[in-house]
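Trainee: Order-wise, the sequence lines are chains A and B. Take the first sequence: its letter number 287 is residue 287 in the working numbering, and every next letter is one higher. Take the second sequence: its letter number 295 is residue 295 in the working numbering, and every next letter is one higher.
These are computed hints drawn from the structure, not numbers from a lab. Ideal Cβ positions, reconstructed from N, Cα and C, are used throughout, including at glycine. Some clues are possibly wrong.
To be verified - Chain A regions said to be covered by chain B (calculated; three or more residues, Cβ under 8 Å):
(1) 92–103
(2) 108–118
(3) 189–198
(4) 243–257
(5) 354–364
Number of protein chains: 2
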Amino acid sequence: MTSAPAVVRYDPATFEGLRFHTAAEAFRDGTDSPREYLERCLATIAEREPVVRAWVVRNEEGARQQADASTARWRRGRPLSPIDGLPIGIKDLLETRDMPTQMGCKAFAGNFPRRDNAAVWALRQAGAIVLGKTVTTELGGPEPSPTTNPFDPRRTPGGSSSGSGAAVGARMVPAAIATQTGGSLMRPASFNGVWGLKPTQGAINRGERQTASMTSHGVHAGSPEDMWLVAIAIASRAGGDPGRPALQGPAAPPPARMPGTVAVVETEAWDRLDPLSRRAFEQIVDQVEASGVRVLRRGGDAVVERFEHALVGVTDLGSGILAWEHSWAFRDIAADHPDGFSARATRFFFDTADRLGAAGYEESLRTRAAVTATYALLGPRVDAVLLPTSSGPAPVWAGDVPGEPPARWPTGDPGFNFPSSLLGAPSVNVPLMGVDGLPFGLQVMGQPGTDAHTVAIARWMGESLTPVIV
Amino acid sequence: MTSAPAVVRYDPATFEGLRFHTAAEAFRDGTDSPREYLERCLATIAEREPVVRAWVVRNEEGARQQADASTARWRRGRPLSPIDGLPIGIKDLLETRDMPTQMGCKAFAGNFPRRDNAAVWALRQAGAIVLGKTVTTELGGPEPSPTTNPFDPRRTPGGSSSGSGAAVGARMVPAAIATQTGGSLMRPASFNGVWGLKPTQGAINRGERQTASMTSHGVHAGSPEDMWLVAIAIASRAGGDPGRPALQGPAAPPPARMPGTVAVVETEAWDRLDPLSRRAFEQIVDQVEASGVRVLRRGGDAVVERFEHALVGVTDLGSGILAWEHSWAFRDIAADHPDGFSARATRFFFDTADRLGAAGYEESLRTRAAVTATYALLGPRVDAVLLPTSSGPAPVWAGDVPGEPPARWPTGDPGFNFPSSLLGAPSVNVPLMGVDGLPFGLQVMGQPGTDAHTVAIARWMGESLTPVIV
Numbered sequence: 001m002t003s004a005p006a007v008v009r010y011d012p013a014t015f016e017g018l019r020f021h022t023a024a025e026a027f028r029d030g031t032d033s034p035r036e037y038l039e040r041c042l043a044t045i046a047e048r049e050p051v052v053r054a055w056v057v058r059n060e061e062g063a064r065q066q067a068d069a070s071t072a073r074w075r076r077g078r079p080l081s082p083i084d085g086l087p088i089g090i091k092d093l094l095e096t097r098d099m100p101t102q103m104g105c106k107a108f109a110g111n112f113p114r115r116d117n118a119a120v121w122a123l124r125q126a127g128a129i130v131l132g133k134t135v136t137t138e139l140g141g142p143e144p145s146p147t148t149n150p151f152d153p154r155r156t157p158g159g160s161s162s163g164s165g166a167a168v169g170a171r172m173v174p175a176a177i178a179t180q181t182g183g184s185l186m187r188p189a190s191f192n193g194v195w196g197l198k199p200t201q202g203a204i205n206r207g208e209r210q211t212a213s214m215t216s217h218g219v220h221a222g223s224p225e226d227m228w229l230v231a232i233a234i235a236s237r238a239g240g241d242p243g244r245p246a247l248q249g250p251a252a253p254p255p256a257r258m259p260g261t262v263a264v265v266e267t268e269a270w271d272r273l274d275p276l277s278r279r280a281f282e283q284i285v286d287q288v289e290a291s292g293v294r295v296l297r298r299g300g301d302a303v304v305e306r307f308e309h310a311l312v313g314v315t316d317l318g319s320g321i322l323a324w325e326h327s328w329a330f331r332d333i334a335a336d337h338p339d340g341f342s343a344r345a346t347r348f349f350f351d352t353a354d355r356l357g358a359a360g361y362e363e364s365l366r367t368r369a370a371v372t373a374t375y376a377l378l379g380p381r382v383d384a385v386l387l388p389t390s391s392g393p394a395p396v397w398a399g400d401v402p403g404e405p406p407a408r409w410p411t412g413d414p415g416f417n418f419p420s421s422l423l424g425a426p427s428v429n430v431p432l433m434g435v436d437g438l439p440f441g442l443q444v445m446g447q448p449g450t451d452a453h454t455v456a457i458a459r460w461m462g463e464s465l466t467p468v469i470v
Numbered sequence: 001m002t003s004a005p006a007v008v009r010y011d012p013a014t015f016e017g018l019r020f021h022t023a024a025e026a027f028r029d030g031t032d033s034p035r036e037y038l039e040r041c042l043a044t045i046a047e048r049e050p051v052v053r054a055w056v057v058r059n060e061e062g063a064r065q066q067a068d069a070s071t072a073r074w075r076r077g078r079p080l081s082p083i084d085g086l087p088i089g090i091k092d093l094l095e096t097r098d099m100p101t102q103m104g105c106k107a108f109a110g111n112f113p114r115r116d117n118a119a120v121w122a123l124r125q126a127g128a129i130v131l132g133k134t135v136t137t138e139l140g141g142p143e144p145s146p147t148t149n150p151f152d153p154r155r156t157p158g159g160s161s162s163g164s165g166a167a168v169g170a171r172m173v174p175a176a177i178a179t180q181t182g183g184s185l186m187r188p189a190s191f192n193g194v195w196g197l198k199p200t201q202g203a204i205n206r207g208e209r210q211t212a213s214m215t216s217h218g219v220h221a222g223s224p225e226d227m228w229l230v231a232i233a234i235a236s237r238a239g240g241d242p243g244r245p246a247l248q249g250p251a252a253p254p255p256a257r258m259p260g261t262v263a264v265v266e267t268e269a270w271d272r273l274d275p276l277s278r279r280a281f282e283q284i285v286d287q288v289e290a291s292g293v294r295v296l297r298r299g300g301d302a303v304v305e306r307f308e309h310a311l312v313g314v315t316d317l318g319s320g321i322l323a324w325e326h327s328w329a330f331r332d333i334a335a336d337h338p339d340g341f342s343a344r345a346t347r348f349f350f351d352t353a354d355r356l357g358a359a360g361y362e363e364s365l366r367t368r369a370a371v372t373a374t375y376a377l378l379g380p381r382v383d384a385v386l387l388p389t390s391s392g393p394a395p396v397w398a399g400d401v402p403g404e405p406p407a408r409w410p411t412g413d414p415g416f417n418f419p420s421s422l423l424g425a426p427s428v429n430v431p432l433m434g435v436d437g438l439p440f441g442l443q444v445m446g447q448p449g450t451d452a453h454t455v456a457i458a459r460w461m462g463e464s465l466t467p468v469i470v
């Protein structure tokens with residue numbers, strides 16, 4: 001008999017994500033320091049990384065030097081920002097001047113452009129410690145990564161931000177930069193029990209990564225405070241995407257705020273929500289209603305129903321847009337690296353783009369505009385929309401079935417994530433539920449531009465509701 | 001006594017740009033071939049390049065191989081597109097898999113990412129011959145390049161697309177890819193006597209170059225037919241920018257079309273138009289009116305006046321937006337390469353961005369939206385707007401004055417170019433005037449999305465009006 005890998009059961013009531021914002025006082029009075037904080041992170045990494053495999057590369061020597069400089073700034077009472085000294089992981093899709101950017105793709109092995117993405121540049125300006133590059137699935141696509149779920153190594157950490165979610169979920173770092181195209185930030189947040197902010201489209205400057213119309217940089221964090229502090233530190237230094245307003249909101253984390261009205265939106269993925277997870281989600285909704293919040297829902301609200309109808313086909317719609325937008329660049333890479341792409345990526349990107357065609361793409365853009373306009377109808381009616389962040393806790397991925405086409409979503413079903421991507425809407429994952437000993441998240445989605453308000457409502461959910469275990 | 005460099009006087013009535021589209025018949029019947037066409041281009045380059053200096057690097061061996069393959073396709077009657085075999089120059093801001101991309105900047109010396117920009121990828125798909133990289137000013141900014149004007153080597157070819165304009169003006173190639181931020185495509189078109197298309201913002205996929213909200217890829221060409229064929233060949237293969245519709249229009253060049261009504265818009269640069277050039281432009285306007293076209297103009301039309309008022313400050317507005325959007329990336333480069341930037345670029349980008357600030361940038365975006373909305377008022381009233389493409393023919397650039405701040409616009413005044421950049425509007429340069437033996441262009445500007453219509457009206461101007469010499 002072989003022994004199964006160790007499984008740490010997740011309890012949302014007792015699990016505490018790693019926090020940084022609470023350390024400032026101790027940094028100032030010298031009872032703690034960014035260098036000691038970093039060393040604790042490195043110790044956790046040494047312990048957990050052999051199984052979790054969240055990192056592609058780390059610059060530990062550089063991090064220690066940065067931590068010492070940060071320590072000196074805090075001692076002088078002159079930190080560069082509230083996140084001065086915060087050790088952070090950077091998803092390996094973003095360029096970093098001191099580490100390679102290999103994008104989880106054989107074609108980019110050794111790629112080392114020696115410059116910083118806008119968000120990385122801004123983090124350094126704010127004094128954050130760029131500790132390493134976290135694992136991404138191949139080019140942010142569907143091919144799974146070697147990273148394992150910190151709560152059960154047989155399971156996926158989700159993707160494409162596999163390493164960012166797992167590193168924060170394993171308490172290796174208090175925060176990591178993730179990105180979302182379909183569900184690449186929110187689904188890993190759900191699966192790894194971390195806070196996640198996918199901001200309004202364009203609210204955080206993507207730097208060199210502007211080549212898709214519905215991708216966002218965002219944050220995984222062990223606490224909502226650090227999540228906000230990291231996001232606003234970037235946006236206040238590097239701004240939003242060119243032509244877009246930057247993330248709007250206060251320099252300090254927006255305090256919890258009870259909503260007056262919310263809508264529950266079931267989406268086309270509702271039927272794929274597993275029964276236990278559905279029960280957990282409904283218990284959360286019951287608690288919200290019992291707190292005095294008005295809850296709008298299908299059957300009782302025509303606008304919610306209109307929006308749900310508009311969302312039909314959202315996964316195919318979003319997948320098509322992404323595949324088309326990436327196809328020229330990926331075909332160019334594939335021409336140079338015939339073995340550089342997984343069969344799954346080829347199928348996803350090239351076949352989907354071929355089926356869509358130029359006219360189909362432009363029709364998809366118009367459809368997206370129509371869905372977004374329909375979503376705006378909810379703006380004056382509700383403070384936020386509630387959905388599950390995923391169709392359940394992290395699934396086991398046992399590999400493709402020989403002789404059958406490659407599975408479409410080995411890192412999990414993105415059906416609950418495509419709405420916020422497509423709508424360009426801010427979305428927050430609240431790690432509030434445990435299903436079968438695994439994390440499962442509540443998603444709070446706002447209207448574009450209302451990121452701070454959406455975070456405030458998500459914090460209210462996190463602080464006022466009782467975590468649910470099923 | 002030193003002898004002055006040879007000066008070839010420009011006469012718009014007799015000067016013929018190099019054409020490619022007329023060669024198809026001879027390619028088919030074998031009396032000419034893409035290989036022979038290429039060799040003629042290379043002969044012109046050998047003759048003119050020592051003085052003009054339009055190229056950074058050429059891949060002549062690769063070009064000959066591509067030309068032979070194209071020759072075989074034409075002989076079989078199976079060209080990949082109407083521009084199969086067209087030798088083209090690529091502005092050195094765009095990535096090319098087979099040549100370095102050095103961006104006219106010391107910090108990028110030797111930069112060689114070995115992948116293609118979207119437009120370059122599409123050109124290769126269409127069978128065009130990517131002959132070489134044409135000189136850009138430093139990072140597309142204000143610092144002048146070593147390229148000289150083909151009609152007078154003491155004068156600037158304009159910038160930032162210095163090499164693209166000069167290579168087409170010197171008849172080295174029938175077309176080149178240029179880009180515009182402020183006036184980087186249109187001004188060189190005017191100064192080099194070439195046709196130029198600056199399309200609707202987003203209508204030609206910029207590939208990796210998406211990091212500014214008001215830049216466009218476009219085309220310099222010796223004829224309006226090749227200009228259109230190149231643009232549509234790219235857009236029909238690589239599409240528009242992510243999230244934007246691609247260039248709209250027919251596969252064949254839109255035939256000339258007489259407008260019913262046009263507006264003459266003077267802009268804030270009108271007072272800087274030199275008297276001879278103003279006389280030439282007014283003679284063109286008189287001819288348009290004499291042809292039976294209704295001409296709206298300040299003094300007689302309130303909407304034109306409203307638009308002119310909206311354009312006040314357009315150069316500073318556009319410059320500020322561009323400086324802010326580039327500042328994080330350029331600061332990152334400057335940190336690594338303390339001597340990598342000219343003093344002029346530092347002043348332009350960093351000082352301007354510092355003065356503007358984040359709030360100033362977002363106000364600039366709102367102002368731009370207001371100017372654009374005001375421009376839309378002209379849409380139902382006129383078929384196109386006419387302006388000079390530059391404030392005169394190419395000036396002599398004799399260098400900065402010692403002890404004084406670096407000159408702001410050594411490659412020419414962009415005052416007539418910022419409107420189309422800021423509005424995201426299509427603009428076409430018609431090489432229709434000669435001033436003092438130098439080219440000076442007429443600019444035809446349309447509403448966003450009306451590129452084909454705008455080209456058709458520009459062709460009417462080119463075919464129906466008598467070239468003016470002053």
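Trainee: Can the segment 92–103 of chain A be counted as covered by chain B under the rule of three residues or more with Cβ-Cβ separation shorter than 8 Å?
Mentor: Coverage by chain B is violated for the segment 92–103 of chain A (1 residues, Cβ < 8 Å).
Trainee: Within the segment 354–364 of chain A, is the number of residues with a Cβ closer than 8 Å to a Cβ of chain B three or more?
Mentor: holds (count 3)
Trainee: Tell me whether the statement that chain B covers the segment 189–198 of chain A is true, taking a Cβ distance below 8 Å and needing three residues at minimum.
Mentor: violated (count 0)
Trainee: Count the residues of the segment 108–118 of chain A whose Cβ falls closer than 8 Å to any Cβ of chain B, and tell me whether that reaches three.
Mentor: Coverage by chain B holds for the segment 108–118 of chain A (5 residues, Cβ < 8 Å).
Trainee: Quick one: see if chain B covers the segment 243–257 of chain A, three-plus residues with Cβ-Cβ under 8 Å.
Mentor: With 4 residues closer than 8 Å to chain B, the segment 243–257 of chain A meets the three-residue bar; holds.
Checked against the numbered hints given earlier, the structure breaks hints 1, 3 and satisfies all the rest.
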